[in-house]
Amino acid sequence: MANADGSIVRLEGIHKWFGENHVLRGIDLALQQGDVQVVIGPSGGGKSTLLRCVNLLELPDKGHVWFDGDDITDVRTDLNEVRTHIGIVFQAFNLFPHMTALRNITLPLEKVLDLNSGEAEERAREQLARVKLGEKADAYPGSLSGGQQQRVAIARALAMRPRLMLFDEITSALDPELVGEVLQVMKDLAAEGMTMVVVTHEMGFAREVGTRMVFMDGGVIVEEGDPRESFANPRSERLQKFFAEIL
Amino acid sequence: MSADAADLVSPSDVTASAPDTRGSSSPYARSVFVAGALALSLVLAGTVAIQVIFAVSHTPDPHVCLANDIIPYQPAIEGVSPASGVQGWQGVCNIVLGLTSTAEQFVLILGIALGAVTGVIGVRSYRRVDTRRKRDHLITGAVFGGQAVNFGILLLIFVQSPQKFALQFMNFYQLRGHDGWALVNGIKFTLLLAFGGEIGGIVIGLILALLEISGRRSVRAPATVYINVFRGTPLLVQLSIIYFGVNLGLGLHLSSFTVATAVFALNMGAYSAEVFRAGIQSIERGQMEAARSVGMTYLQAMRYAVVPQAVRRVIPPLMNEFVILIKDTSLVIIIGLYLNQLDLFGAAQQGYSDTFSATFFVAAAIGYLIITLPMIWIVNRVERRLRSGLVGVTGGGA
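So the sequences go chain by chain: A and B. Position 124 of the first sequence, counting from 1, maps to 120 under our numbering, and the rest follow consecutively. For our numbering, add 593 to where a residue sits in the second sequence, where the first one is 1.
Do not rely on the hints blindly, as some may be mistaken.
Just the calculated beta-carbon pair ranges, DEER-fashion [said to hold, decoys possible]:
id, chain 1, residue 1, chain 2, residue 2, range
1, A, E77, B, G838, 47 to 53 angstroms
2, B, R725, A, D184, 23 to 29 angstroms
3, A, R234, B, A611, 37 to 43 angstroms
Sample of chain A residues with no beta-carbon within 12 angstroms of chain B, all distances over it, derived [stated by the list, open to error]:
id, residue
4, R6
5, N17
6, D57
7, A125
8, G200
9, D213
10, G221
By construction, these hints were calculated from the structure, which means they are not laboratory data. From the three backbone atoms N, C-alpha and C, an ideal C-beta is built for every residue, glycine too.
Build out the structure end to end from the sequences listed, making use of the hints.
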């Protein structure tokens, strides 16, 4: 079931304030099934806040989020139910450190989706194999490298079988040599047709894998379009300046 | 796996020590160290040894004891005279004779003199030596010497007239005379009160803490009021109000032991609530977010993700509260326990009113130390290990 306009998720006029700080100033965005929406821009531009507004970890102060035909910003929405369909992966991994990799994945399957432990474990091992960590099922997060932890976090999100995946600068906390393995998982996921919103500083990835791109600065979308097109010919002055600074 | 990752697996091994680079000592530095240690041993170990010798091999002469104001015990003679003198006079007399002996004077004066000399030599020369180990030996020797002088002078003043003090506080025979097991029983009931209060307090505290961290003021308010009332009033007053006011006033007639345990739990609940709240708030926000983002409810996220981690962090502060509670159980004396349920201090107080020997209070203090010292030791160890990262929040990984 899609939204009225055929999109899977649609943001309408999203505003967010943190105290005095007006972080999002009217964001509109719509994703079709299979889109890989990359979001780039300077730090403090509101990228992460925007992403967190999609699964309502941050509640927008104004505006609407439509997901699968429902306005999930309506107060009557069962957010816990909605969040089972939207996976998110964080910059800081946020694995539960007191549980094994396997338990990190099976816990929500059992407690939220009510799978029995056998089904949950089967599904969890499937996902661990998918991120190439099948042999690390019984390891605790503290004994895994950053890249491995992040792949477990991706597996945890994927095991819920979400319709939409959100990635919040998931390679920013990694050592450079570990970035590749995590990007590869995202590339595979994109190739399988997962609908994704990717906030990233990895410009190579954005250009190569993204199907659509927005450039955010100062709480607004400054420019949007096809990633390859935008990288080749940035229209706005601010995006040109941004590329000049980082590339 | 990267070097960083390897660091995560095994945090720097705190048990392995760095190579010893302090250099060698010299006979001179070493002898200052030995002299200091000897001076301190003369004062402390010498005093103890003299006491042991007097206690083991000495039957005190009643006349000498009498001369020291220690009146030997005379049992009552039917129809002739009532009992008189001090029960346990031999022990007290031996302690006094040991303290006032020439040998004691001798070891003290010798210890003080040796300590003073060592201290002066050590202090004057430690800057001029060329290795760190020599310096360590000289400084330690000087410190020992200084301690010998201090303790020696204090003891020397004390042994001039220890008779009254010994009679009051060191008549250990009296502990046996009253009821040999009264104090041991007291330890048992002190522990029962403390554990009862602690367990109840943890349950109450955890519930209060979860209310306290709510985003809604209406949920927080009752918990805040409860915590402030119980933290802002003396435990003595709480015991009195709840025992005399609630229990007797409402005609519940619960035993004072039951009421006391309940009050300790209520009080402990307020304090441990603050500990739990701090512990829960110390868990990174990302843990709650990660749990909520896979569809868990707030309570599920608390139960499975946040609280299990917080519990590990609050163990040391909670144990500190427990040590405080163990000592505070002595306040139960205000409402009075049954004689067969007396706590440690209650038993000591009972012993004192039976015999008028303050030795019972000394024994009670020792009893509390027997309970609390191991706990304090454990808290320090756990804290050190938590800080060193050897016991992180991971169950088995690290």
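Results of checking the hints against the structure:
Distance hint check for E77 of chain A and G838 of chain B: the Cβ-Cβ separation is about 50 angstroms, which falls inside the suggested range of 47 to 53 angstroms. The hinted window of 23 to 29 angstroms between R725 of chain B and D184 of chain A is violated, with their beta carbons roughly 59 angstroms apart. The supplied range of 37 to 43 angstroms is broken by R234 of chain A and A611 of chain B, whose beta-carbon atoms lie about 54 angstroms from each other. Even its closest Cβ contact with chain B, about 20 angstroms, leaves R6 of chain A beyond 12 angstroms, as expected for a residue assigned away from the interface.
With a cut of 12 angstroms on Cβ distances, N17 of chain A stays outside the contact zone with chain B, its closest approach being about 18 angstroms. Chain B leaves D57 of chain A outside its interface by the beta-carbon criterion, the shortest separation being 16 angstroms against a cut-off of 12 angstroms. Distance check for A125 of chain A against chain B: the nearest CB is about 20 angstroms away, which clears 12 angstroms, and the non-interface claim stands. The Cβ of G200 of chain A sits about 21 angstroms from the closest Cβ of chain B, beyond the 12 angstroms cut-off, so the non-interface label holds.
The beta carbon of D213 of chain A is kept farther than 12 angstroms from every beta carbon of chain B, the shortest such distance being approximately 25 angstroms. Non-interface call for G221 of chain A relative to chain B: holds, since the shortest CB-CB distance, roughly 29 angstroms, exceeds 12 angstroms.
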